[in-house]
Amino acid sequence: MDRKEFKKAFKKIPAAVFALVFLLIACSIISEHFWTGENLFNLGLQGTVLTILALAQTLVILAEGIDLSSGPLVSFCGVVVAVSLHGGLGLPEVIFISIVLGTAGGFLNGFLIAKVKLPPFVATFGNMGVFTGLALVMTKGGSIPGFPESFRFIAGGSLWGLPFPVIILIFVILFNHVLLYHTTFGTYIFGIGGNQEAVHLVGVNDIFFKSAIYGVAGSYAGVAALVMTSRLNAAHPLVGFGLEFEAIASVIVGGCSWTLANGNPWGSLAGAATIVVLQNGLSVLGVPPAVQVVGVGAYLILAVVYDSLKGD
Amino acid sequence: MGAQPADETILEFKGVSKDFPGVRALDKVDFDLKRGEVHVLVGENGAGKSTLIKILAGVYPPTEGEIYYQGDEVDIRNPKVGLNMGISVIYQEMNLVPYISVAKNIFLGREPRRKWIPFLVDYPRLHKDAREILDSIGAEIDTKVNAVELGVAQGKLVEMAKAFSIKASILVMDEPTAALTQKELDELFRSIEEFKKKGIGIIYISHRLEEIFDVADRVTVLRDGKVMATMDVGEVKNLDEIIRLMVGRSMTAYFSREFLKEKGDVALNVKNLSREGVLRDVNLHVRSGEIVGLAGLVGAGRTELARVLFGVDRYDDGEVEIFGKNLSMTPAKSVALGVGFIPEDRKKEGLALILPVKENVIIASLKKLFPRGLINPAKQSKAVNEYVKALRIVTPSLMRIVRFLSGGNQQKVVVAKWLCTQAKIFIFDEPTRGVDVGAKAEIHQLMNEMVKQGAAILMISSELPEVLHMSDRIYVMHGGRIVKELQGDEADQETVLKYAMAGGAA
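Those sequence lines, one after another, are chains A and B. Be aware that the first sequence starts at 0, since it is given in numbering that gives the first Met the number 0, and climbs by one per residue. Be aware that the second sequence starts at 0, since it is given in numbering that gives the first Met the number 0, and climbs by one per residue.
No lab work stands behind these hints: they were computed from the structure. Any given hint might turn out to be false.
[Said to hold, decoys possible] In silico lysine-lysine, PhoX-like type, Cα no more than 25 Å apart, as pairs:
{"no.": "1", "chain 1": "B", "residue 1": "Lys388", "chain 2": "B", "residue 2": "Lys346"}
{"no.": "2", "chain 1": "B", "residue 1": "Lys127", "chain 2": "B", "residue 2": "Lys143"}
{"no.": "3", "chain 1": "A", "residue 1": "Lys116", "chain 2": "B", "residue 2": "Lys53"}
{"no.": "4", "chain 1": "B", "residue 1": "Lys53", "chain 2": "B", "residue 2": "Lys166"}
{"no.": "5", "chain 1": "A", "residue 1": "Lys116", "chain 2": "B", "residue 2": "Lys79"}
{"no.": "6", "chain 1": "A", "residue 1": "Lys116", "chain 2": "B", "residue 2": "Lys347"}
{"no.": "7", "chain 1": "B", "residue 1": "Lys236", "chain 2": "B", "residue 2": "Lys225"}
{"no.": "8", "chain 1": "A", "residue 1": "Lys6", "chain 2": "B", "residue 2": "Lys143"}
{"no.": "9", "chain 1": "B", "residue 1": "Lys366", "chain 2": "B", "residue 2": "Lys346"}
{"no.": "10", "chain 1": "B", "residue 1": "Lys143", "chain 2": "A", "residue 2": "Lys7"}
{"no.": "11", "chain 1": "B", "residue 1": "Lys143", "chain 2": "A", "residue 2": "Lys3"}
{"no.": "12", "chain 1": "B", "residue 1": "Lys79", "chain 2": "A", "residue 2": "Lys114"}
{"no.": "13", "chain 1": "B", "residue 1": "Lys53", "chain 2": "A", "residue 2": "Lys10"}
{"no.": "14", "chain 1": "B", "residue 1": "Lys182", "chain 2": "B", "residue 2": "Lys483"}
{"no.": "15", "chain 1": "B", "residue 1": "Lys451", "chain 2": "B", "residue 2": "Lys324"}
{"no.": "16", "chain 1": "A", "residue 1": "Lys11", "chain 2": "B", "residue 2": "Lys197"}
{"no.": "17", "chain 1": "B", "residue 1": "Lys53", "chain 2": "A", "residue 2": "Lys114"}
{"no.": "18", "chain 1": "B", "residue 1": "Lys497", "chain 2": "B", "residue 2": "Lys483"}
{"no.": "19", "chain 1": "B", "residue 1": "Lys79", "chain 2": "B", "residue 2": "Lys166"}
{"no.": "20", "chain 1": "B", "residue 1": "Lys182", "chain 2": "B", "residue 2": "Lys197"}
Please model the complete structure; the sequences and the hints are all you need to start from.
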């Protein structure tokens, strides 16, 4: 019986956890610099944006949806932040603007999905184009560089020996955990993904909460946009391109299923971590970024194959 | 004793009608429910039972008529209003959220909050309250496990706890026993008794007419949206009376089979079949011209056996012979050898719901009829028409999408599909689940016809009367084994149950 329970528990561990252990070992063999403070600092810095977006994607996928527009939404928020800063607005104002704009963009997705009843793939696929287009219009295709020191602290500063983005990330992780497991809203996220009819029939406004899930995911994109723009010290309309792919990949290798809200944010965290470490390791080996994308895709497929094999 | 609160009417429908485009689903229905009674609602599919329930729950507004709740006229605009009034509905499908705990399911939408930070869920209270409610209906279920881990019966109990927690005064149960074993049924009926004692009125819908005598205080029969009769269960002389009211003609509960004296050759022969964890050393055979019943409890391995026989799942050991030939392990080969499988869940596994009747009937025969891959429409329609006529499938045209057919007609489409392939061996898994009484008799008659024409039928059924009435021989399964073979005429309900429940050990 004990053996059986152990087997069951073992099966619950998503592919990402094993991949992470493997990658950490592999990286420490490949490069003696891997475990240095400097490299870890950099990993944290690089990983923050993706990890925040992976958490946003987790909320959406738990609710039986998908958000293809999260990368472009990051670009769009970044561009608006840059324009606002150049227009003379201060740090608190742009933080507010970025998060509110992200939330609004998310709610737009949510409205189309929950109220207009578009399939999530279609709604967010359309907005992928809308957000990218808006960002291109605002910048006329170019980038907007150069921001004040106060704004650059978001990505460049450090606190208690940690890069400031990592502090932000920890805050988002905590916020996300409380949201999912300690608020009624969190219960409705699992409810909407698991059995929306049941939620509707107990008199909960399921349409509103379903929209709100996308709204919260959008607010995370707003936070990610602040970190991204500050780190690059420039806004570019295509900077978020492909981030949604990595974020979705993180959630999938983290073991979250497409249906019934069977998953959790911890798997997605491990998933995001593996992708960041994988990219870092490939960089150390001198693999060009374009080929790294192939690596992430191959890893995604391997992880899903692993999950489907152990299901038998 | 004075006034008896148990006789107090809590709910009354007066002349309630409901029109949908082109059809009157309910026609001037009068219906009432008393405190602490179980009022069973019966009727064929489409008789208006679900419509009545949905009006009560606030899902549809009535077209005309009045609803009185505890003496006052009410307007149940939406499910929330219904809930607040204390009307709780347990639908036929599970209405639980799989990956949250039992406690959270019970209090979904009404979670207790922490005193100081009101947007946070108060977990200790949530679990404490859930425990109390489960205990009060006598359900020993851990409040912390996720609903996905529960069995069907436990799920029903959690839904009952949920109904109880909203202080429901009216509980509606739509086919609660469709997939329960006898033991689970007893548990459910015990909980219903608890509810009655607390003065809750229960509306109970069932296709298993025998249950009327187990649970009902009163029975109302619906037909074509009209109330045919409401009576005390004591006045009901026998089930035939109820069936007559339901279908509008006299009919015995089960079609009586003609048993053939001369059976044909062995069509399906299974030797020492095993599949790890599911089937152990199964031996059985079915001859042409006979119906062999496969009885057993849910989980005994009957459906698993059917899947292995049809080649859907693999087997580890043993042999399956079709007309003396060894069967390989794919459904394609089974079909080629003349096996047809009518699965338990016809909507998922038996039909392409969004395709028309024509495509559904022809789909398994395309290769045989049109080996070059080009479909000859005239030939196709002719073939399909032949079976639609022979099976008396009620459909306005061959192009009707099967989703819109009744359960009985859908089942006939599945059978037609296999007849069209010229199958000779049929595996029926729960042939009459979810079909109404009239259609049930027709399907039984159809099976009778099929064996007369030389078909061999292996029939899985959880309805004991069906097994006993229809089978030439009966195999009883328990724990993945066949524990007993009985001749149809020597079998009775008690014997079959004894072997099904204890494997014959007791």
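Status of the hints after comparison with the structure:
Distance hint between B:Lys388 and B:Lys346 is fulfilled; the C-alpha atoms sit about 22 Å from each other, no more than 25 Å. Between B:Lys127 and B:Lys143 the alpha-carbon distance is near 11 Å, which keeps this suggested pair within the 25 Å criterion. A C-alpha spacing of about 23 Å is found between A:Lys116 and B:Lys53, which places the hinted pair at or below 25 Å, so the restraint holds. For a cut-off of 25 Å, the pair hint linking B:Lys53 to B:Lys166 stands: about 20 Å separates their Cα positions.
With a CA separation close to 22 Å, the supplied pair A:Lys116 and B:Lys79 stays within the 25 Å bound. Of the supplied pair hints, the one linking A:Lys116 and B:Lys347 holds, its CA atoms being roughly 24 Å apart against a limit of 25 Å. About 22 Å separates the Cα atoms of B:Lys236 and B:Lys225, which keeps this hinted pair within 25 Å; it holds. This hinted pair checks out: A:Lys6 and B:Lys143 have alpha carbons roughly 21 Å apart, not beyond 25 Å.
At roughly 23 Å between alpha-carbon atoms, B:Lys366 and B:Lys346 fall within 25 Å of each other, so this suggested pair holds. Between B:Lys143 and A:Lys7 the alpha-carbon distance is near 18 Å, which keeps this suggested pair within the 25 Å criterion. A threshold of 25 Å between alpha carbons decides the hint, and for B:Lys143 with A:Lys3 the separation of about 21 Å falls inside it, so the pair holds. For a cut-off of 25 Å, the pair hint linking B:Lys79 to A:Lys114 stands: about 19 Å separates their Cα positions.
Only pairs whose Cα atoms come within 25 Å are accepted, and B:Lys53 paired with A:Lys10 is rejected, the gap being roughly 42 Å. The hinted pair formed by B:Lys182 and B:Lys483 meets the criterion: a straight-line CA distance of about 21 Å does not exceed 25 Å. Among the hinted pairs, B:Lys451 with B:Lys324 is consistent with the structure: their alpha-carbon atoms are about 23 Å apart, no more than 25 Å. Between A:Lys11 and B:Lys197 the CA atoms are separated by roughly 43 Å; this puts the pair beyond 25 Å, and the hint is violated.
Among the hinted pairs, B:Lys53 with A:Lys114 is consistent with the structure: their alpha-carbon atoms are about 23 Å apart, no more than 25 Å. Distance restraint check for B:Lys497 and B:Lys483: the Cα-Cα separation of roughly 10 Å lies within the 25 Å cut-off, and the hinted pair is therefore satisfied. Pair hint B:Lys79 plus B:Lys166 holds up; C-alpha atoms about 14 Å apart against a cutoff of 25 Å. For the suggested pair B:Lys182 and B:Lys197, the alpha carbons sit about 24 Å apart, so the restraint of at most 25 Å is met.
Checked against the numbered hints given earlier, this structure breaks hints 13 and 16; the rest are met.
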